[in-house]
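Trainee: Here's the letter readout for the chains.
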Amino acid sequence: MGRRRGLQRVARVVLIAVILVWSTFPIYWALNTSFTTLSGAQSVPAHFVPSPFTAHNYRTLLNTSAGGVGNQFWRSFLNSTIESGLATVLTVAIALFAAYAFARLEFRGKRVILVVVLATLLLPVYATLIPLYRIMSNVHLVNTYLGIVLVYTSGFLPLAIWIMYNYFASVPRELEEAAFVDGATPVIALWRVMIPVSLPGIAATAIIVFLMGWAQFIFPLVLSSDLTTQPVTVIVAALNGQRIVPFTLLNAIGVLAAALPAVIALVLNRYIVQGVMAGSIK
Amino acid sequence: MSGESVSTGRKRPRRSGRFLPYILLSPLVLFIGALALYPTIVTTVQAFFTVNPLDPPTRFAGLANFRALWHNPFVRESAANTVLYIIVGVGLSTLFGLGMALVLQRRSHWRGVILALIVLPWALPAVVEAVIWGWIYDPTFGVLNSVLKSLGIINGYHVWIGIGRVVSIVLIELVQVWQITPLAALLILAALQSIPQELYEAARVDGAGRWEMFRRITLPLVRPGLAVAMVESLILSLNVFDQVYVLNGFAPGGASIMLQTYQISFNNLNFGQGYALSLLATFATMLLSLLILAVVYRRVEF
Amino acid sequence: MAEIRFEHVSKSFDSNTVVNDLDLAIADGELMVLVGPSGCGKTTALRMLAGLEELSEGSIVIDGEVVNDLEPRDRDIAMVFQNYALYPHLTVYQNMAFGLRLHHEAKDEIERRVRDTARVLQLDELLERKPKQLSGGQRQRVAMGRAIVRQPKVFLMDEPLSNLDAKLRVQMRAQIARLQRDLSVTMLYVTHDQVEAMTLGQRVAVMRLGVLQQVAPPQELYTRPVNLFVASFIGSPAMNVVEAELHGEPDGLRARFGSHDIRLDPGVVAARPALARYEGRRVVLGVRPQNTEDATLVDTAGTDSVVEAKVELRENLGSEVDVHVGIDAPVPALDAVIEATESADTGEAGVAGRPEGIFVARLGPDTKAQEGGQVRLWLDPRALHFFDPDSGAALYE
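Protein chains in written order, with my numbering: chain C, 1 to 282; chain E, 1 to 302; chain D, 1 to 397.
By construction, these hints were calculated from the structure, which means they are not laboratory data. A virtual CB, placed ideally from N, CA and C, is assigned to each residue, including glycine.
Non-contacting residues of chain C with respect to chain E, defined by C-beta distances greater than 10 Å in every case (computed):
1) R3
2) G67
3) L78
Label pairs and their calculated CB-CB ranges:
4) D:D69 to E:R106: 53 to 59 Å
5) C:R111 to D:Q219: 48 to 54 Å
6) C:R111 to E:L269: 37 to 43 Å
With the rest of the complex left out, here is chain C (with noise of 0.2 Å):
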């Protein structure tokens, strides 16, 4: 029984290795090819440690003289915070509003916009992709801040929706009955125990949109013709494709392009989890 215990527990070990060497392998490579020269990641059989190490790739980013890569790389970075910051405030101030007349108020027709808006989560992105485009084209908003954030913020709703919904519902009703017993209009009770009572929920929702923003890639490819909106995505996969960069400075700026969203998920992680997780709740 002992034995089968432990080798249980080794083969549990193993793995939570192999998952774990799964999820970061190809990060850890990327920015084992970053840090090294040319011919040092060429080189046969391939080092799994930069030799010879040097940071030569990211000072060349640094370097943000006009028509540089580095120019190029910087300027899509803050397109890119901007647009999914944007988003990410609109998106979190509709949706909030939105869930909880749906969690907690009674009107007609509530059930019929909750499964609309619901439903739009299941439309896939090429129903709405080529009117939008014609959309904002007939406005004149291609390529500007604000049309690119009024298309994210159309897609990424029904989700956040979805999200604070269940977290709003899962706030006891006597919480607010209390605040009313008390004295509160049912805005005052929204916003001084509602709001911060679902402070986590709404971290969460506000998070995955922020990602999923960052992450947008064929929408700006069709809404962006410049750099005056290019966003991070569409900027490294132009790099890439051109292959007039050399590699190791290729993997450098897939390193800077994913270090923000890294940041975040391996910080806050736990408002990613809890934000899936409650979604989930069928």
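Knowing the structure of chain C, use the given hints to seat chains E and D on it.
Mentor: Only chains E and D this time, still in chain C's reference frame:
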């Protein structure tokens, strides 16, 4: 005097602020109406029209777009490719996700760290991941070739993407699997955690072994979570674009439906056919989702 | 003056009537307990008074003013919820100050009231803690403090003690009673526990399936229940009931049930004119376990109400002995009795779902009654209750 009769338990209909819900919902309705519902209607309707800046004006075309798509070998090929994308995507992500979820189920102080690292691929942009994986797959400089050769599994360096169709698709989809498995794992984990411990304890008292407990308790009761995870993976793999674009460009041997739609719409400017293809893909998504739900989902109540 | 009146109040959810034509008056400064089994409508009635539930019919009047259309915040009430509903993100101090701040009280006034109340409830050490750092009993006191601090006209309590353990419950019960007396504020207290009702209420209102059964001081409910339901619900262990036939004999009215035949007390018969109409007919006869005794332990002279029965179970309580005996007579299968006995939450000698034909007798500790043996049981004829066998109404006038 009577108030509104409410059928849902102790909810209280508002006397004052009767308009409050509508005020709260108006931004949402505006956004969804204008930027989600309206475009969907446009797609649905204009699929039956000829919409092409190179061939004006926009005019009714009946089923012409659909017929053209059907006769287009590239479209048929991308459909077949997408089927393979879906099989690999749903299959592997669900399998790996189940494995991850089972591992994550046990509490330990390492769990937080493990969870953070597992979720990492999901948080990164697909394009960036595709770029990174692309260099791993690279025929000349990639570590895949290097390691496989050192292990003696292959003799010379292989070109992984772009030559063999099935191999290309599997490897491209592997990148997406890498990204979406954490999501499947979390959804399945949620379902796993909702299974009451007492069921396992009762089974242990009855003498069940670990494998039996897995087969007879875990698997049946985790079905709702599995179904949701599979539908999510289905939608994501049917929509696969970023990874295909980065790793394979517009080359036909590996193009996905989404890529084909993009090509037809923005490179060929044939929006009408783009709409038609979008519509077909949307229907396929819904059908397959319902199929998965019908087969896998079981309403579970404790 | 905070007098409360429910006038023809009804509440229905779809086709389900939860409160049926409730008429109830609560005097200023009175502690009224609303009691009944779950689903009887007591909580709904309370919530309608609070303004958390709309009325389907009727009106509620507080202090002479019809409040049907007033929001809870405009009714000058405070409420203690069953699960306390403390604001988890606020400290104890902020929880108690919340209502006062919403009413724009002056800062030092708030401070004074909160600290005074905290002292009375022994919460002064805990003012900076958050609810999740408190024990159940402490949370309950904070919930009460939050209500007290508002100095409302009316206090509403929705089963505030049901989540506490038995010992704490007894302590808090006394504290609530004391508090209500000191503040002399009108209080409506809802509970399903009839012991709580009896010990706390100045008057107790018994409800069943949305209908008010009886409103009276506790003692009156005990000695003069108005129907079989109230009689079975109040008092623990529950009253024994059996179908009997009244027949007139030269020595007076007698009751026959099964193989037993006892003589009724003439004084009781005289005080209940209705009994005369039931001569020769069936009635439901009720006797509380406390009103029985081992015939060998009392002087039964002048009475003829001893029954012989087989002892099925003996439970030693220390100061008393509870004995379950078999009575070979039909037990009325009225829903009222079944529901009342099933819901009685006493934890004392087996009450719920009493099997047919079993009487519970509470005997003195010296009784020699043994399980499997026989016992001669004396039923106190002055403490018998009588009910109509079809309607369950008690027979008095």
